[in-house]
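Colleague: Going down the list, the protein sequences come from chains X and F.
So for the first sequence, this note's numbering puts the first residue at 1; every next one is plus one.
So for the second sequence, this note's numbering puts the first residue at 193; every next one is plus one.
The set of hints was computed from the structure by calculation and includes no laboratory data.
None of the values given here were measured: they were computed from a predicted structure.
Incorrect hints may appear among the rest.
Residues on chain F that point at chain X, a partial pick, calculated with CB under 10 Å [claimed, not checked]:
1) VAL294
2) ARG325
3) LEU362
List of simulated lysine-lysine pairs, DSS-like, C-alpha gap at most 27 Å [to be verified]:
4) X/LYS181 <-> X/LYS4
5) X/LYS188 <-> F/LYS386
6) X/LYS188 <-> F/LYS353
7) X/LYS72 <-> X/LYS179
8) F/LYS409 <-> F/LYS280
9) F/LYS409 <-> F/LYS353
10) X/LYS184 <-> F/LYS259
11) X/LYS4 <-> X/LYS105
12) F/LYS336 <-> X/LYS85
If the Cβ cut is set under 10 Å, some of the chain X residues that face chain F in the computed set are [to be verified]:
13) LEU15
14) PHE26
15) THR49
16) GLY88
17) SER139
Beta carbons are placed, not taken as given, at the ideal position from N, Cα and C, and that holds for glycine.
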Amino acid sequence: MVGKDCVAIACDLRLGLQALTVSNNFPKIFQYGDNVFLGLTGLATDLSTVSDLFRYKVNMYRLREERNIAPKTFANLVSSSLYEKRFGPYFVSPVVAGLDPKTSKPFICGFDSIGCIDFAADFIVSGTATDQLYGMCESLWEPNLAPEDLFETISQALMSAVDRDALSGWGAHVYIIEKDKVTKRLLKGRQD
Amino acid sequence: MVKVGEGNSRAATFQPHLGRLSPIEIYHARLGRLGKAWQRDLSSLSSGWEVLLGITGRDFTLIAASKAAMRGATILKASDDKTRQLNKHTLMAFMGEAGDTVQFAEYIQANAQLYSMRNETDLSPSALAHFVRGELASSLRSRKPYNVNLLLGGVDPITHKPSLYWLDYLATLAPLPYAAHGYAQYYCLSILDKHHHPDISLGQGIKLLTLCIDELKRRLPVDFKGMVVKAVTKDGIVDIEFDDDKVVKSA
């Protein structure tokens, strides 16, 4: 979700096999550099595979270029890496959020499982509660939210959406990314 | 007319507008990509009746595995040990397709031991869990994937922190305070949700395990021939004497 000179990214914490909850502490957001974040939903094994793959690729990029990767560059890396597996994809739908290292402009985008980028100026949603999240974000989000208001907006949107979805919930992680500050908060949420 | 859920589901994988993955799309895509491996369901598999349980406590990890080796409707052995020791303070329990299980477990065991010999240091439980996941994940997208579910229990040799890792045949890795595989999940996880606490002693852990196993004896339709119980502590792995002959009254 985009705010004024800030972005936010949030995820729930459930890991389940259909209706059976296996874990209630399974974060789905990964950090690659100072202000580049990747959220992943889909098949749990591919979350681990894909997040590990990007950790490797981003580390190699940092060694080669001697600087951190920018969100836009990272988004293109995600896209091309997913398209490499066009005919046997990773079953994930990623979301990238970050601030441009030079201009500090917010950047968010989403992808399908084969790497088609979906740029957005407001918000990106993904996962089993997609429909609910679209509804919540559509009604709560407004342009130029300050960091604190953005936190409130994204948290309320996520919590209300997952409470209407049987397959997600069990707490949440929320990241608020500002120019030289990243705040991570744990939301307890409903535990049933 | 081809209905949803039958016919050429491979087409679903190749639709360019695959977009956001709904559970049904994931299901179709799975069928298309990896054939029948994804369709496996507990009831059609004799390995669904095997039991693996793991509990962590203050300074230990308990691992329990059922003793029955089954093939179809027959019990071939009633004293099977479905665990392998990977190093001094890491134990792995496994269940799944006959043949795959022991082959995979001993491959992991051999590699863990090779690492210990080469480097004169043991891999930590966390490092081993990620190594196992990597092996399972690359097997998953091979021509014939291993069908093995695992629990990996250990105590960190330096910090003495106990840990338990849950891995399924899709190479899903989850670090958990307590875990189960197979039908045992449906009976035991709710009991453990209610009674588990991270600070329990080994004695309390064994009591909790007994509570779970009693419930399995009461509610599982097959006799799994009792459990092998082992505890991982900072001093290594110890076998726990467990009374398998205890008769549990049905509800």
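Colleague: So, for every hint listed, does it hold in this structure?
Modeller: Results of checking the hints against the structure:
For F/VAL294, the suggested interface contact is broken, since its CB lies about 23 Å from the closest CB of chain X, more than 10 Å. Because the smallest distance between the Cβ of F/ARG325 and any Cβ of chain X comes to about 7 Å, under 10 Å, the interface hint for this residue holds. Interface hint at F/LEU362: satisfied, since its Cβ lies 4 Å from the closest Cβ of chain X, which is below the 10 Å cut-off. The suggested pairing of X/LYS181 with X/LYS4 holds, with an alpha-carbon distance near 14 Å, which does not exceed 27 Å.
For the suggested pair X/LYS188 and F/LYS386, the alpha carbons sit about 18 Å apart, so the restraint of at most 27 Å is met. Under the criterion of a C-alpha separation no larger than 27 Å, the hint pairing X/LYS188 with F/LYS353 is consistent with the structure, at around 25 Å. Of the pairs offered as hints, the one joining X/LYS72 and X/LYS179 holds, with about 16 Å between alpha carbons and a cut-off of 27 Å not exceeded. The hinted pair formed by F/LYS409 and F/LYS280 fails the criterion: a straight-line CA distance of about 32 Å is larger than 27 Å.
The suggested pairing of F/LYS409 with F/LYS353 is violated, with an alpha-carbon distance near 32 Å, which exceeds 27 Å. A C-alpha spacing of about 46 Å is found between X/LYS184 and F/LYS259, which places the hinted pair above 27 Å, so the restraint is violated. Under the criterion of a C-alpha separation no larger than 27 Å, the hint pairing X/LYS4 with X/LYS105 is consistent with the structure, at around 9 Å. Annotation: proposed proximity of F/LYS336 to X/LYS85 holds, straight-line Cα distance about 19 Å (limit 27 Å).
Interface restraint check: X/LEU15 against chain F, minimum CB-CB distance 6 Å, threshold 10 Å, status holds. Checking X/PHE26 against chain F by beta carbon gives a least distance of about 6 Å; that is within 10 Å, so the hint holds. Checking X/THR49 against chain F: minimum C-beta separation of about 5 Å stays under 10 Å; hint holds. The restraint placing X/GLY88 at the interface with chain F holds, with a minimum CB-CB distance near 5 Å, inside the 10 Å limit.
Using the Cβ-Cβ criterion of 10 Å, the hint placing X/SER139 at the interface with chain F is not satisfied: the shortest such distance is roughly 20 Å.
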